[in-house]
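With chain B held as given, fit chain Y onto it using these hints.
There are 2 protein chains.
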Amino acid sequence: MSKPLLAGIEAGGTKFVCAVAYSPVDIIRETRFPTASPKETMTRAYEFFRDCERELGPITSLGIGSFGPVDLDPASPACGHITSTPKLQWADTDIVGFFKKRMNVPVGFDTDTNAAALGEGRYGAGRDCDTFLYLTIGTGIGGGVVVDNRALHGLVHPEVGHIRVVPRRDDTFAGTCPFHGTCLEGMAAGPAIQQRWGKPGIELPEDHPAWDLEAWYLAQGLAAMVLTLSPQRIIMGGGVMHQSQIFPAMRGYLKEFLGGYVDRPEITEEQEDYIVFPERENQAGITGALLLAEDVAGKGK
Amino acid sequence: MSKPLLAGIEAGGTKFVCAVAYSPVDIIRETRFPTASPKETMTRAYEFFRDCERELGPITSLGIGSFGPVDLDPASPACGHITSTPKLQWADTDIVGFFKKRMNVPVGFDTDTNAAALGEGRYGAGRDCDTFLYLTIGTGIGGGVVVDNRALHGLVHPEVGHIRVVPRRDDTFAGTCPFHGTCLEGMAAGPAIQQRWGKPGIELPEDHPAWDLEAWYLAQGLAAMVLTLSPQRIIMGGGVMHQSQIFPAMRGYLKEFLGGYVDRPEITEEQEDYIVFPERENQAGITGALLLAEDVAGKGK
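Keeping their order, the protein sequence lines are chains B and Y.
Take 1 as the starting number for the first sequence in our numbering and just add one per residue.
Take 1 as the starting number for the second sequence in our numbering and just add one per residue.
Chain B on its own, in the form it takes in the complex (with noise of 0.2 Å):
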């Protein structure tokens, strides 16, 4: 009997990665190729696994992490849609129906955040917990939280950047968001700080006045999602977190924040290891669709 062969995609707004794999981390074919129409980028990434199947076999189920928002309520006629996304052109497109009619195996469906978060706590930063918490902060800022090998999903799915902020003293700016203004997204991730500063992060100092207000925002965040879900690590990804001197700065305010609350080793004294930059940050997407189509292999169509 041969191995089964998984297959995976990690579905992104700018950029499609399709993979087919023995485990995981036993990626035997990988493609990358820009986002373009919904029919177009499908269509290429079908006709992918094709021809990996003519080479090595049959696939034995496909995993998705994928750009959204997107409806994971198996209960909803939308289920495995991507759905009121601003890139309008995918608006309300089946991409789970897409493969599953042309390819006939069971299909596992996650946000492109949750399959990150899945790939990196089984083979990264957040191998050895039970719970923790993933974020991202580039162009947006969104989270994963991990609860025994699973993403979390409850009603929908985590949206840790909306959580409501309060502006620092010395900050006037009236954030980015359409929906909460100062939300921590809205003061927080790559356009507030563009706005704020007139000009991109990544061509402020590092020493520029804009990080030490990044890690106060994020550490305030932080304190609220470690109060709801005390997570025993925050993984922590994305554009703006390449600015490493934000990471010392925002594990002091986090223990500011909490205020002597939490009294644990791990927020107290050992924080380079309770707040942490991703081990696989650019493999962790693929990793995890890999993970959704081992976790759906054998459960029928």
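Just so you know, the hints here were simulated from the structure itself, not pulled from any lab data.
Below, computed lysine to aspartate or glutamate pairings styled on DMTMM-like, alpha-carbon distance capped at 20 Å:
#, chain 1, residue 1, chain 2, residue 2
1, B, 255, B, 269
2, Y, 87, B, 263
3, B, 100, B, 47
4, B, 87, Y, 263
5, Y, 39, Y, 92
6, B, 101, B, 71
Over 12 Å on every C-beta distance to chain Y, these chain B residues come out as not near it, computed from the model:
#, residue
7, 17
8, 29
9, 87
10, 138
11, 174
12, 197
13, 207
14, 208
15, 209
16, 276
All C-beta atoms in this analysis are idealised placements derived from N, C-alpha and C, irrespective of residue type, glycine included.
Just chain Y, lined up with the frame of chain B:
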């Protein structure tokens, strides 16, 4: 073979409830008595169980839901202890050890709030949810998070009462929390109501402005919790929530705080079913303690 006999203790700061049962909702004997010194109180509980065993046969396992703070970390030498509680007589009490030594059975242990959350989840308002939030608003604000029938612990356990809230413009109260001042507990627990208005909540009329303000603070805290956890339901009990006029106002404010971002009928239309009062308010704690017993039965001592 006789049916396994479960024992449970709801160890509260003011009273102990002890029960033996063939299932968490099939209680055979129950006793309640005030919490005195640790030795006196725990001995009384132990004697109750010993008497039950004489009559009903051997107890298979014990579950304890305890006031705290408690140490739940299996790696800690103080695991199973009540630790730095303001009830000084009880500080550093090895409650699990006391019963394990005398009864020689496996002991399940969690916070009183988590036990109540588990009880309410399995047999109450959370029975159809796999992810829900259980809150008690009384002399403090505590919360339990249940995911797939298990109470979430993570690093310690959630402490949602200490989420920071923004004071409302018309409220100058400085908050009662010695750690954070104006956190949710500091602004909205029973003592905050009493200090702000000069008399306990129970003496304020139903249409007093205290209740609208209370609803506003609670909703602000709930917004952060909804965005972090995505619960399928929020169950809110405790003395303050007996003021049932809080519920409709709180549901409206939650919708406002979320600003349309979580666009689900549970939040925008069917709120009466999303934020609810517990179904088993007085029995949830002991039921949860028995669930903890059931969970460790047969798992070794």
